[in-house]
Structure formats: C-alpha cells, structure tokens
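Colleague: Here is how the chains run, residue by residue.
Number of protein chains: 2
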Amino acid sequence: MTRAPRYFEDYPPGAMFEGGPIAVTEADIIDFARRFDPQDMHVDAHKAAQGEFGGLIASGWHTAALMMRLFTEHFLSQASSLASPGIDELRWLRPVRPGDALNLRAAVLTARRSGSKPDRGLVTSLIEVLNQNGEAVMTLKPVSIIRCRPLAGD
Amino acid sequence: MTRAPRYFEDYPPGAMFEGGPIAVTEADIIDFARRFDPQDMHVDAHKAAQGEFGGLIASGWHTAALMMRLFTEHFLSQASSLASPGIDELRWLRPVRPGDALNLRAAVLTARRSGSKPDRGLVTSLIEVLNQNGEAVMTLKPVSIIRCRPLAGD
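Read top to bottom, the protein sequences are chains A and B.
Start counting the first sequence at 1244; every next residue gets the next number (my numbering).
Start counting the second sequence at 1244; every next residue gets the next number (my numbering).
Bear in mind the hints are in silico, worked out from the structure with no lab data behind them.
Since the model is a prediction, treat every value here as computed from it, not as a measurement.
Do not rely on the hints blindly, as some may be mistaken.
One copy or two, either will do: identical chains are not told apart, so a pair holds if it fits within one copy or between any two.
[To be verified] With a Cα cut of at most 25 Å, we get these calculated SDA-like pairs of lysine to any residue:
| # | residue 1 | residue 2 |
| --- | --- | --- |
| 1 | Lys1360 | Asp1283 |
| 2 | Lys1384 | Leu1373 |
| 3 | Lys1384 | Asp1331 |
| 4 | Lys1384 | Glu1332 |
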C-alpha cells in the first residue's frame, strides 16, 4: 500500500496519524531478547511465570522497535524523513505479552521550521502504542527532522 | 564471566559502571532495520551513500537495543532487576556506522527506596554509549526498579 509522500507541511500541530496492528509472538519476544535484553522475564517462560509479571513479557526495547516499524509505515515518509535528535518521556505503562497486537496513535505536538536549514523542520509528536484492548502500553515524545515540500521546479 | 549479584544498595549516587565493546556490522544494521526501521539510510547502502549521512547508519533503536545488551551485562543483575517505568532525554548524538564498536558508561544519578514497596528502590542513571573513538553516540536517563539486598535469613 503506497500513499502520497508527506512533507514537513503535512505535520501541523494537532494532526493525527494511526496504524496497525502488528502482532507480537512468543518466538519474537524471545528472539529479540536473546540478542538484546536476555533477562529471564523476556527469554525464559518458566522462570518468567514465577516472576514479577507472572509470565513472559516483551523487552521494552522490543516494544519500542515495533513502535518504530509502525511509525515508519504510518507517520514518516521515505521522501522526507531525515533523522531524529532524540526522544523524551518514554514510558512503559503495561507489559506486552505473547499474542498481543499493537497499534500506533500519533499526534503532532509542535512543528518548527529550522532556522539554519530552511529545507527542513522539527516535528515533536506524542506517540501512544495501544494493545488490542485499547490500553496504552508505551508512550513517548520523539522529535523528527522532516524535509519541506519541494518547490515546483525543484 | 559471572560477578557478584548487585542489589539496590550497590547503586549509590555517583557509582560508575562500564563495559563493552560490542561490534556493529553492516549485516546487523540491515537485519535489524529490515524488521523494525526499514528506511533507506538503514537498509540500502547505495541509497544511503547519496543521503544525509553519506552512508549506511544504524537505526537509533538498534543502538538503543545494543545499549540494553551492555546494560544487562554490566549494570543490571538478574537477581535484582525488576522492571523499568521509562527513560528520559534519549539523545542520538552521532551516527553509528558499520564497523563501529560500542561501549557503555553508566553513572548513578539518584537512588530512592520505594515508599510503597520496601523490598525495592528506583535508580536513575545517566547512560552514555561511546564509539571506538570515545565519542558519545547516544545518551539517555533510564529509571530502573531494583530489588534490595535480601536480609540474612530471607
């Protein structure tokens, strides 16, 4: 599915974007965590069952990576996405478990044209990752550097 | 290599922890990004060469995941790591490129015993991820919920 490319001008404050779902399997959770976050709660279903969360849960960084997948598909455009200087206020609110399905909801908070590089702007958004019950499992505020729409003749 | 388990009491403000390196290959960068962040700058070396960074760079979330690997190995302990409510001020300062090697430097900023759950505390740290030239490529301030040392007889 292709959509029209978005540029800085397409992200005014208040603009909303949604997409998903993306499924989370036990195999995915264990595979990610073995590489990057090999704690029992993420890699060992038996030990996880006796632990703090009563069962296997996804690494928070796995949830973040899945969020990024949805963010590239439903928010950013290849034509204009340049970089990100960072994110603020990342919160893991609820565990993500095998069988969950995650959706993205993104709202533009601020959009500021760059002073030094007039071909781009900075967009700050509030991202919510929701599970299949509509509960927020993660929120964060990323900053995205996004190219402006080319002028006719560019 | 095993070390003595750490508990909340082992993370006083000012405590420093270091570890690494972990290597970053082109294949790793492309594999991670195909799954989670399939933008040209992360998955297509040819297009990336013509882009903003002049070559392939790792997804910022890949760098974060590698940070977590180092954080589990050199900061957290399986015996006491319970969860994380989130992180603040994540900054991507420099691109991570194929062939880079990343190290972790962590400093405890605050350590506060939980009021409601006296068996644990909250530790806020400043994490720096440094490349092979000692340059910070990413910084962040995670909060970790960490179990207190068991009393004798527990």
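Colleague: Decide, hint by hint, whether the structure agrees.
Modeller: So, going through the hints one by one against the coordinates:
1. With identical chains, the CA atoms of Lys1360 and Asp1283 are at most 25 Å apart between copies only, with a shortest distance of 22 Å across copies and 47 Å within one.
2. In the homo-oligomer, the alpha carbons of Lys1384 and Leu1373 lie at most 25 Å apart both inside one protomer (15 Å) and across protomers (24 Å), since each shortest distance falls under that limit.
3. Proximity of Lys1384 to Asp1331 under the C-alpha cut-off of 25 Å is found in both arrangements, the shortest distances being 5 Å within a copy and 10 Å between copies.
4. Within a single copy, Lys1384 and Glu1332 get their C-alpha atoms as close as 6 Å, and across copies as close as 10 Å, so both meet the 25 Å cut-off.
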